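Asks: Input sequences plus hints: build the corresponding full structure.
Protein chains in written order, with numbering that gives the first Met the number 0: chain V, 0 to 79; chain X, 0 to 247.
Hints may contain errors.
The list that follows gives simulated cross-link-like pairs (lysine to aspartate or glutamate, DMTMM-like), each with its CA atoms no further than 25 Å apart [unchecked claim]:
{"hint": "1", "chain 1": "V", "residue 1": "K9", "chain 2": "V", "residue 2": "E76"}
{"hint": "2", "chain 1": "V", "residue 1": "K63", "chain 2": "X", "residue 2": "D157"}
{"hint": "3", "chain 1": "V", "residue 1": "K63", "chain 2": "X", "residue 2": "E158"}
{"hint": "4", "chain 1": "V", "residue 1": "K63", "chain 2": "X", "residue 2": "E102"}
{"hint": "5", "chain 1": "V", "residue 1": "K63", "chain 2": "X", "residue 2": "D15"}
{"hint": "6", "chain 1": "V", "residue 1": "K63", "chain 2": "V", "residue 2": "E76"}
Rather than coming from a laboratory, the hints here were simulated on the basis of the structure.
All of these numbers come straight from a predicted model, not from anything done at the bench.
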Amino acid sequence: MRVRVEVSLKPGVLDPAAETIHRSLAHLGFEDVRAVTQTRVFDLDIDRARGEDALAEARAMAEKLLANPVIETWRVELVE
Amino acid sequence: MRAAVVTFPGSNGDRDLARAFELATGRPCARVWHGERELPLADVVGLPGGFSYGDYLRCGAIAARSPIMAAVRGFAEAGGRVLGICNGFQALVKSGWLPGPPEDSQRATLTRNLSNRFECRWVWLEPNPHSPCVFTRGLTARITCPVAHGEGRFVPRDETVLASLLERQQIALTYTTQDGSAPDYPANPNGSTADIAGICNESGNVFGLMPHPEDHIVPEQHPRRTRGERGNLGLALFERGISYAAQV
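Replies: Okay, here's the thing in structure tokens:
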């Protein structure tokens, strides 16, 4: 089963990298960008037959390793 | 007194850290590979600076889950002294031991510098005389030493965590300036909340800091030595940690 985990900073947490990218876009002429946020995507190919099991495994992985619980939030979904 | 220093894949400050412990203890420092499951007999364990696991995912996140860390945890729970420098501090924070307690998952993090740059410069550190930290107890003089990190900004999970750190005197070192004025950037090189440079756990036996005191253990390492500047060595932290251990 293929599961996608998306990890991003919690709203309100400053992301200097995203701010830098925002400024660079403006320098390139893309001046109508209101905001930039970054999301990391992990595509997991998990050896489970049932979707719910794979999602449960992926949630545990997100909590234990993939996301930093202090400043990051995450979501999981099955991928076709 | 004996020390042991752990090496993770990508650690690069392990030899310098071992040298600092050797200077403080007068004994050889044991070197431990991260894949080992047991620590040698030691009174203090050091987690060094570097780029463990290439800083993949998050700095120190994978090191925090390395095989040796279970033994380090047992050592710390039994009252052993643990010193985490830079990447080592990141590993201790990502494993939940700093500020602790580890059962409460992760109460703070070390994230990308506010300047969005890798900061490589010398800083000044003020010790907290009220902290139970065994590495800073009785230390009154400031320390100067380098920082070299991209993810050093200390961010507590929320205001209650910060209040608790202040109340329990767990903030053992803060960034300052040579004359004691407010540490704006670059005196605080990463934008850490409350200018936090290093914290200890509640009982003070586990200590982590982003700066590198092991890079200022002899006066010849002072960047302005040719202009006659000496003193404020980082060696003081190692001597404190060892001398406290000897008293117990």
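Asks: Take the hints in turn and mark each one as holding or not.
Replies: Each hint tested on the structure:
1. Taking the CA atoms of K9 of chain V and E76 of chain V, the gap is near 19 Å; set against the 25 Å cutoff, the hint holds.
2. Proximity of K63 of chain V to D157 of chain X is assessed by CA-CA distance (about 20 Å); at most 25 Å being required, the pair is judged to hold.
3. Note on K63 of chain V and E158 of chain X: the hinted pairing holds, with a Cα-Cα distance of about 24 Å set against a maximum of 25 Å.
4. Annotation: proposed proximity of K63 of chain V to E102 of chain X holds, straight-line Cα distance about 13 Å (limit 25 Å).
5. Proposed proximity of K63 of chain V and D15 of chain X is contradicted: the alpha carbons are some 32 Å apart, above 25 Å.
6. Between K63 of chain V and E76 of chain V, the direct Cα distance comes to roughly 17 Å. Compliance with the 25 Å bound is thereby established for this hinted pair.
Hint 5 from the earlier list is the only one contradicted by this structure; the remaining hints agree with it.
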